[in-house]
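**Student:** The chain contents come next:
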Amino acid sequence: MAADARRPDPLKSGIEFSGAEVRALQQDDFSSPAMLWVTRGEKLWSEPAGKSEKSCASCHQDARASMKGVSAKYPKVDPGTAKLTNIEGRINQCRTQHQQAAPLRYDSDELLGLTAYVGLQSRGMPVNVAIDTQNRSNFERGRDMFYTRMGQMNLACTHCHDRNFGRKLLNDTISQGHGNPYPVYRLEWQTMGSLHRRLRACFFGVRAELPPAGSPDLLDLELFLAWRSQGLTVETPGVRK
Amino acid sequence: MKRWIGGLIVAAVVAACAAPGGGLPYQMSGGEIRQPLASGVPDAERGRKILVSREANCILCHAVPETGERFFGNLAPPLSGVGKRSTAAQMRARLVDPLAFNAESIMPAYYRVEGLHRVAEPLRGKPVLSAEQIEDVIAYLLTLQ
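Chains as they are written, first to last, in our numbering: chain A, 1 to 241; chain B, 1 to 145.
For reference, chain A alone in the conformation it holds in the complex:
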């Protein structure tokens, strides 16, 4: 059953559990492979798309100003649809509604690029989601998922990421499972990937059903993780092993 929500103590970003090489890659924008996606996102920001022939910049102007601090507050309930939405979802909402363009595929280079570029504008700022009447039921579902055993391996997120961070699962050091560096360039993937892709890898590991990327299950979990990582700063775009 669901336990009371709590944060790991002491709160540590996954980068603190990473090796020196991974830390060096993340800390140096000139050598970070994740910056290739940021560059792509920056370019896309000003490219017209869809029937409207508008670009992101047509409405939002300079992302360095307009997107500052935005991703630190996501996922958020969208006032129009009353649904929980993350940055990926918000970008696709802009594409379909305002640009009249096709939505970008989850984990496509384009969506990862734009998400990373928007996320970069919050780098170094505190993760800052508020739990209120609008998102409380999402938060509670995400929390319950975090503490509920699942899959053939019968493990909950909490078993590794609250009680065993810092220990070794084979030769990988277990982190606290925060979303603050996403999207990340993951050496294991040899590409950039979303938080939802990473969450699906854990579902796969415990041999559970895989919720699709962008699904309500993973959005609720993303919200709980954001609440749980408050006290950390946004690290987008991160690098992980």
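If you are wondering where the hints come from, they were derived from the structure by calculation, not from laboratory data. Do not rely on the hints blindly, as some may be mistaken.
[To be verified] A short list of chain B residues far from chain A (calculated; beta carbon distances all over 10 Å):
{"hint": "1", "residue": "Gly40"}
{"hint": "2", "residue": "Pro42"}
{"hint": "3", "residue": "His117"}
{"hint": "4", "residue": "Gln145"}
[Claimed, not checked] Taking lysine to any residue and the SDA-like style, the derived pairs with C-alpha atoms no more than 25 Å apart in a straight line are:
{"hint": "5", "chain 1": "A", "residue 1": "Lys168", "chain 2": "B", "residue 2": "Arg54"}
{"hint": "6", "chain 1": "A", "residue 1": "Lys54", "chain 2": "A", "residue 2": "Cys94"}
{"hint": "7", "chain 1": "A", "residue 1": "Lys168", "chain 2": "B", "residue 2": "His62"}
{"hint": "8", "chain 1": "A", "residue 1": "Lys168", "chain 2": "B", "residue 2": "Asn57"}
{"hint": "9", "chain 1": "B", "residue 1": "Lys126", "chain 2": "A", "residue 2": "Gly205"}
{"hint": "10", "chain 1": "A", "residue 1": "Lys168", "chain 2": "B", "residue 2": "Val41"}
{"hint": "11", "chain 1": "A", "residue 1": "Lys168", "chain 2": "B", "residue 2": "Glu104"}
{"hint": "12", "chain 1": "B", "residue 1": "Lys126", "chain 2": "A", "residue 2": "Pro211"}
{"hint": "13", "chain 1": "A", "residue 1": "Lys168", "chain 2": "B", "residue 2": "Ala103"}
{"hint": "14", "chain 1": "A", "residue 1": "Lys241", "chain 2": "B", "residue 2": "Ala63"}
{"hint": "15", "chain 1": "B", "residue 1": "Lys49", "chain 2": "A", "residue 2": "Asp172"}
{"hint": "16", "chain 1": "A", "residue 1": "Lys168", "chain 2": "B", "residue 2": "Glu121"}
{"hint": "17", "chain 1": "A", "residue 1": "Lys241", "chain 2": "A", "residue 2": "Gln27"}
{"hint": "18", "chain 1": "A", "residue 1": "Lys12", "chain 2": "B", "residue 2": "Asn74"}
{"hint": "19", "chain 1": "A", "residue 1": "Lys241", "chain 2": "B", "residue 2": "Ala56"}
{"hint": "20", "chain 1": "A", "residue 1": "Lys241", "chain 2": "B", "residue 2": "Glu55"}
{"hint": "21", "chain 1": "B", "residue 1": "Lys49", "chain 2": "A", "residue 2": "Leu170"}
{"hint": "22", "chain 1": "A", "residue 1": "Lys73", "chain 2": "A", "residue 2": "Gly19"}
Predicted model only: the values in this text are computed from it and were never measured. Beta carbons are placed, not taken as given, at the ideal position from N, Cα and C, and that holds for glycine.
Assemble the complex: chain A is given as a structure, and chain B must be docked to it using the hints.
**Tutor:** Coordinates of chain B only, in the frame set by chain A:
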């Protein structure tokens, strides 16, 4: 401490369970399953291979240097000497349903299939290891003296 006592009470209850996948039914009593789950002759070398396989994933958490592998996790106690510390009947009970001993255990149940949630569709109703594989693993663990 309270949890530990709770675990003992659970383990003390005699539980008879139908085995998954058409294997033999098993009975847990006093923290033991005395009857082997399968009738064949167990093989320690097959057990070693199962122990280090991706299927069982024992070494993700347990160090077992005797297997000859290079990498081991440290989420759970090393298994060196487990053959001295435990009997086959105790090992069998631990492998079948570790949560009967400790409700907070992070060890998967290798043979119990009831009470699991969101299991990937192709694996539903199937134990992690077959009855024969459990007996092979026990045969290997008994060699760790």
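**Student:** State for each hint whether it applies.
**Tutor:** Going down the list of hints, with the structure as the test:
Remark: the non-interface label on Gly40(B) is consistent with the geometry, its nearest Cβ contact in chain A lying 24 Å away (cut-off 10 Å). Non-interface call for Pro42(B) relative to chain A: holds, since the shortest CB-CB distance, roughly 23 Å, exceeds 10 Å. The claim that His117(B) lies off the interface is violated: its Cβ sits roughly 5 Å from the closest Cβ of chain A, which falls inside the 10 Å cut-off. The claim that Gln145(B) is not at the interface with chain A holds, since no C-beta of that chain comes within 10 Å of its own (minimum 25 Å).
For the given pair, Lys168(A) sits about 16 Å from Arg54(B) by alpha-carbon distance, which is consistent with the 25 Å threshold. Between Lys54(A) and Cys94(A) the alpha-carbon distance is near 10 Å, which keeps this suggested pair within the 25 Å criterion. Annotation: proposed proximity of Lys168(A) to His62(B) holds, straight-line Cα distance about 10 Å (limit 25 Å). The straight-line distance between the Cα atoms of Lys168(A) and Asn57(B) is roughly 13 Å, inside the 25 Å bound, and the hint therefore holds.
Of the supplied pair hints, the one linking Lys126(B) and Gly205(A) holds, its CA atoms being roughly 16 Å apart against a limit of 25 Å. Taken as a hint, the Lys168(A) and Val41(B) pair is broken in the structure, with Cα atoms around 35 Å apart against an allowance of 25 Å. About 19 Å separates the Cα atoms of Lys168(A) and Glu104(B), which keeps this hinted pair within 25 Å; it holds. Our distance criterion of 25 Å between C-alpha atoms is met by Lys126(B) and Pro211(A), whose separation comes to about 21 Å.
Of the pairs offered as hints, the one joining Lys168(A) and Ala103(B) holds, with about 22 Å between alpha carbons and a cut-off of 25 Å not exceeded. The hinted pair formed by Lys241(A) and Ala63(B) meets the criterion: a straight-line CA distance of about 22 Å does not exceed 25 Å. Only pairs whose Cα atoms come within 25 Å are accepted, and Lys49(B) paired with Asp172(A) is accepted, the gap being roughly 22 Å. Taking the CA atoms of Lys168(A) and Glu121(B), the gap is about 29 Å. The hint is violated against a cut of 25 Å.
With a CA separation close to 14 Å, the supplied pair Lys241(A) and Gln27(A) stays within the 25 Å bound. Proximity of Lys12(A) to Asn74(B) is assessed by CA-CA distance (about 20 Å); at most 25 Å being required, the pair is judged to hold. For the hint pairing Lys241(A) with Ala56(B), the CA-to-CA distance comes to about 24 Å; that is within 25 Å, so the pair holds. This hinted pair checks out: Lys241(A) and Glu55(B) have alpha carbons roughly 23 Å apart, not beyond 25 Å.
Pair hint Lys49(B) plus Leu170(A) holds up; C-alpha atoms about 16 Å apart against a cutoff of 25 Å. Under the criterion of a C-alpha separation no larger than 25 Å, the hint pairing Lys73(A) with Gly19(A) is inconsistent with the structure, at around 29 Å.
The earlier numbered hints that this structure contradicts are 3, 10, 16, 22.
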